[in-house]
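With the hints as extra help, turn the sequences into a complete structure.
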Amino acid sequence: MGKAIAIIGTGQTRHGRRSDVCYPDLVREAVTAALEDAGITLKDVDGVVLGTMPSMMEGVSSTHFYFAEAMGSIGKPVMKVETCGSTGQSIAHCGFYWVASGMADIVLVVGSEKMSEGDGQATMTTVFDPFFQRTFAAGAPGVFTMQSMEWMYRFKIPEEKGRDAAALISVSNHDNAMDNPYAHIRTRVTMDDVKNARVITYPVRLLDVCPASDGACAVIFATREKAKKICKKPAWIKGLGFRGEEFFYGESDKSIWMSATEAAKEAYRHAGIRNPLKELDVAEVYNPFTYQEMIFYECFGFCPRGEAPDYVLKGTFMKDGKLPCCPSGGTLCTNPIGATGLVRLAEAALQVTGKAGERQVEGARLALSHAMGGVDQFNAVTIVGSKL
Amino acid sequence: MRKVAITHVAQSSGVESRESLMDFTYRVNKEILDKAGLKREDVGCIIAGAADIFHSGLSCANAFDWDGIGAFLKEGSRAEESAMSFIYGCMRIMSGYYDTVLVTALVKGSENPDNDPITSFYGDPFYLRPLGVNESSVAALQMRQYMERYRVTEEQCAKVVVKNLGNALRNPCADRKRRISIEDVMRSERVYDPLKALECAPKSDGVVAVLLASESRAKKLTKKPVWLAGYGCSMDHFNPGDRNLLNGHLRIAAEKAYRAAGIRDPRKRIHVAEVCEPYAFQELLWCEQLGFCNEGKGGHMIDSGMTEMDGELPVNPSGGVLATNPYPARGLYRIAEAALQVKGEAGEHQVGRKVKTALAHSTHGFGGQCHSVVILSA
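Going line by line, the protein sequences match chains A and B.
-12 is the number of the first residue of the first sequence in this note's numbering; add one for each residue after it.
174 is the number of the first residue of the second sequence in this note's numbering; add one for each residue after it.
Check the hints yourself; a few may be wrong.
[Stated by the list, open to error] Beyond 10 Å from chain B on every Cβ pair, some chain A residues (computed):
(1) Arg1
(2) Lys30
(3) Pro41
(4) Ile61
(5) Arg141
(6) Leu155
(7) Ile172
(8) Met178
(9) Asp180
(10) Pro198
(11) Ile217
(12) Lys220
(13) Glu294
(14) Gly308
(15) Arg352
(16) Ser373
[Stated by the list, open to error] Here are some, though not all, of the chain B residues that point toward chain A, as calculated from beta-carbon distances under 7 Å:
(17) Ile226
(18) Arg265
(19) Met320
(20) Trp400
I should point out that these hints are in silico values taken from the structure, not numbers from a laboratory.
For each residue, glycine too, the CB sits at the ideal point set by N, CA and C.
As structure tokens, this is what we get:
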């Protein structure tokens, strides 16, 4: 990367059903935690970036107005950036470019969602256009299941094998979430539990799917000079990429998924990564659905196309595997959508700075974080490292 | 910090379009790329400016917009308000990672509900919204306060409409244009007393695109680059009752922009201004806070003719938001119009005096909760 930009602090709320706080208070909880982590006050912050999912989610539009006080932005310049499910990563990218532009030294990036106050699936149905696609769209699971089926068919993955690998992903994510005090779903599940769970959209079952969570996350970006002064061990941004593809679902090949492939390629190019499986120490992949997580592995070059189930069943992506994925329990166990992509980055930053507590992957120095948005349309990747 | 230039501008008309939003967007994007002699592959990054469901009937508006703005498999993003999109585009260039950025803001106001029900969703569902608070009702409170405190008259506020809709007659892209009198404005329906129908902005369609480039690229792309000289933005408190509606954060935003541009006396140094005035009196109030006249003297300013097309400091020669109001895109329209004035390419609504420095302003939220100020120079 050309300019050295650091993450000097991260903060998350306890995620889950947060009926104990109102929406702005939830945002404030994450902001306070991030400021404390960085050891700075709001006075040190030059600008604030906010992102949430669409207005329909909680019934308030343009939430940067509603959160003006909660996110500490009074008297400061504000950016409201949103790209659907990939919002969490897109706001981080905005924070990065704001600091890299020289217009600010320290930028606070905030993502949030309070899904218990709205109807998540109804909201997501409104992402489809009102004329052609909305009438048959059934929220997120319908689309992501279609994609999973397309992928298994294309690469001739036996249904049984796909099922086993997806179940193992669910089991290991749930196990990992037990180590994460912020995670929403913290229960252990077995392979049989997953395989016998209620069908949502065949073959996807309840335990293949993420929950709807309340939660917020804040991440603080700083210039190299500020970071060196303030922070003993910052996480450095090594690479970032964002790509989007066609709006109409049927127009692109979702088993190859160019936006995911190209976003990762762009980030690898910045970071100088040639062999991600070897060079990366940990990955926080956006995995609201187990089957989809495997497609991401292939797009990101963690394994050849069509071979993700084999790699999963070998344990490659388990906590003690070659490339641990989602040691936090991932999106599968916690999904406050507008915050989720930022949580992935915060978790990656915690890993490379050795601050991930029980979920720490020993010796992690280079970590990938990711988010996906739209109707399988957008993908964003950010790579952080412990060294400049 | 790298310099950033606006090299080209393209905009659609503000009147209701019969095209689909995707075609409508594509046409303006194609136009700007053709003007610059570029293909979409040549552009480093594309930033959209669009608000979601209430302004488009679609959540995650960027999803639908993506094809029309030419961003297929390109680096990009979306900011909700278009002045923010503009400055995000500038950041991408200043950072050194990109040499060209296309910023496009779009909306089809004709396809969605009125502004008042839409802006009522800015309010929280518990305290503000049940009271019927929306952008217009807060503006009415603000106008009453403004007139009472400074003895500005309703007629002086109405003069802003006469001026701006008159200016719009010369702007082929304007939505609402007509020659009217102060009496016409005074006689129009009182929608939120003392606000009258003609003093409130309409609801327009609009796509506007601005091509940004680094210094070296800009000089190759155009003979007349328009440089970003200053930027300021400031956020005020959420609850209108917690704020001084007559002394909000525009002063703070303007001070930041003036400092960056090295401007001490804006009244002398700014040659033309495009100000975001969805309600007529706000042009007077915002001009005070931008330092174009003293506090409480907005009424005198409009009487003096200073802000007329041939005046000392023309304000909204394009007709402003009162003439054309594609809500989330209106900020970028102000910036595009200011750039055209600096280039000397505003056509019939080019102001009389020579323009070296122009100001563009954008605001949204109740009573101007968030203000952005952009200074452009030749």
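Can you list which hints this structure breaks, lowest number first?
-> Hints 3, 4, 19 and 20 are the ones this structure does not satisfy, whereas the remaining hints hold.
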